[in-house]
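K.L.:
Here is how the chains run, residue by residue.
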Amino acid sequence: MKIFNVIKALTTGLLLATSCSALSHAGHGSNAPWEACEEKAINEDCSYTSHDKKATGTCQAMNKVLMCVRNKPLETLIDKATQPASAQKQSVKSLAKR
Amino acid sequence: MIKFNTPILTPLAVCILALSLAACNGSDAESTVVTETTTDEGTTTDTSTDFVVEVDPFNFESDALISSISTQTCTLSNGDEASCYKIDIAGAPSNYEIGVFCPQNITSTADEAGIWFDGSGEVYDITGDFILNLPILYNDSHWQLYDEGTGLVNVTDTQESCDGAARPNVEEQYQNHCVECSIDYVDGGISESFLIPISPVATTQNSSIGNANVGVALNGVVLAAPAPVDAILGAYTIAAFDDCAGHINLVAGYHYHGEAGCSQTQIQSDGHAAMMGYALDGFGILGMLNEDGLEPTDLDECRGHTDDTRGYHYHAADVSENMFIGCFKGATAR
Ligand SMILES: [Zn+2]
Ligand SMILES: [Zn+2]
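Those sequence lines, one after another, are chains A and B. Residue numbering for the first sequence follows numbering that gives the first Met the number 0, beginning at 0 and increasing consecutively. Residue numbering for the second sequence follows numbering that gives the first Met the number 0, beginning at 0 and increasing consecutively.
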């Protein structure tokens with residue numbers, strides 16, 4: 000989220016209703032879809048890697064904040080099938096396992 | 000990244016957090032705001048939308064609606080006068096019982112609780128282990144969702160605590176809680192009325208998703224905008240979903256934030272993904288994967304494409320992505 004975007008949001012008068020998420024990505028470690036569009040414009044190509052998978056799509060506004068909306072099938076970067084079962088996370092339903 | 004401790008933003012943080020959660024609440028008032036603020040920001044795409052398939056009322060499950068679908072004149076977001084269906088959904092799934100949300104203790108298994116997703120590509124069963132691992136998962140030692148003495152998970156298990164936690168300004172006493180609400184608090188579901196153009200009208204510019212609803216599922220549940228997971232996590236809460244990716248608050252009732260397969264009721268005879276709902280622009284939303292287990296490779300930026308059978312239609316994102324579609328290809332009713 001670039002600071003000028005924040006300033007722009009502050010001046011719209013719509014901040015409180017529409018840009019809630021813009022300022023609250025408080026580093027909880029799951030921001031990849033938003034970070035992928037931080038320096039981009041709407042409809043620009045984007046990609047991000049999360050949980051051993053690569054997502055590719057375009058930047059779209061969700062609740063006035065750009066995030067990467069995937070429109071290509073996920074690519075698995077690491078073949079979990081080749082890892083020992085003990086190395087795989089438990090209690091996680093991964094896209095790659097479907 | 001903008002942090003809460005950025006000086007100029009600190010005073011705003013609380014209200015922003017509060018309003019982010021309000022988006023999740025999805026009240027009628029908020030819907031109005033978003034309808035007004037949804038803007039055309041997109042560009043033309045190559046997707047052909049010449050062949051238009053009308054909304055079919057018979058695609059909805061019986062009991063999904065609280066009254067017969069009626070027709071009325073409406074004005075679309077592109078200024079066109081059109082005929083719209085008025086669809087009154089029940090606000091509760093017609094085809095299954097709402098499931099469990101939060102685990103009771105740190106030994107609970109996947110069968111004893113629902114799921115959580117934060118939009119980054121994973122779906123977590125909210126097991127006891129998940130509760131224990133939250134400080135590691137989110138790299139923050141302030142996470143403590145259970146009582147160390149008893150092993151019991153902090154759950155908003157009363158209407159008062161549901162109201163205090165599943166609301167814009169999460170009361171401080173409900174930080175570090177797994178948030179859940181009973182459908183009984185909203186009398187079994189909150190019905191909601193939608194105007195959807197009978198014959199979808201593709202626009203030259205896509206429209207962005209605001210913080211209002213995206214569409215309706217064929218089983219009578221609202222398809223909500225992405226859950227404000229950052230704000231939820233910022234309050235050290237988990238707004239638990241049941242296994243169908245729905246959860247409840249006192250304003251919106253039961254609503255979906257992802258497509259978990261529970262409303263894919265219209266099987267397609269040609270092996271295409273089953274249909275699960277309609278977007279507010281009248282284009283159908285199908286599941287992510289076709290019968291062969293593969294996702295279409297030609298989706299546009301809204302996650303839609305066109306074929307000779309269904310015309311333009313969307314394919315929902317994976318449930319882990321906290322969204323259904325990327326934008327509206329067509330005009331929505333004002
Ligand atoms: Zn919600
Ligand atoms: Zn399709």
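For the record, the hints were derived by calculation from the structure and aren't laboratory data. The C-beta atom is built at its ideal place from N, Cα and C for all residues, glycine as well. Treat the hints loosely; a few may be bogus.
Output of the computed footprint for chain A on chain B, the stretches with three or more beta carbons under 8 angstroms from beta carbons of chain A [what the hints assert, rightly or not]:
#, segment
1, 86 to 95
2, 110 to 121
3, 183 to 190
4, 225 to 238
5, 299 to 309
Computed footprint of chain B on chain A; a stretch qualifies when at least three of its residues, placed anywhere within it, have a C-beta under 8 angstroms from a C-beta of chain B [to be verified]:
#, segment
6, 45 to 52
7, 62 to 75
K.L.:
Does the segment 299 to 309 of chain B contain three or more residues whose Cβ lies closer than 8 angstroms to a Cβ of chain A?
P.N.:
holds (count 4)
K.L.:
Three residues minimum, CB to CB under 8 angstroms: does the segment 183 to 190 of chain B make the cut for coverage by chain A? Let me know.
P.N.:
violated (count 0)
K.L.:
Using C-beta distances, would you say chain A covers the segment 86 to 95 of chain B, given that this needs three or more residues below 8 angstroms?
P.N.:
violated (count 0)
K.L.:
Taking beta carbons only, do three or more residues of the segment 110 to 121 of chain B come closer than 8 angstroms to chain A?
P.N.:
holds (count 6)
K.L.:
For the segment 62 to 75 of chain A, do at least 3 residues have a Cβ located nearer than 8 angstroms to some Cβ of chain B?
P.N.:
Check passed, 9 qualifying residues.
K.L.:
Are 3 or more residues of the segment 45 to 52 of chain A near chain B, judged by a Cβ distance of less than 8 angstroms?
P.N.:
holds (count 3)
K.L.:
Do three or more residues from the segment 225 to 238 of chain B put their C-beta atoms closer than 8 angstroms to C-beta atoms of chain A?
P.N.:
holds (count 7)
Of the hints listed earlier, those the structure fails to meet are numbers 1 and 3, in rising order.
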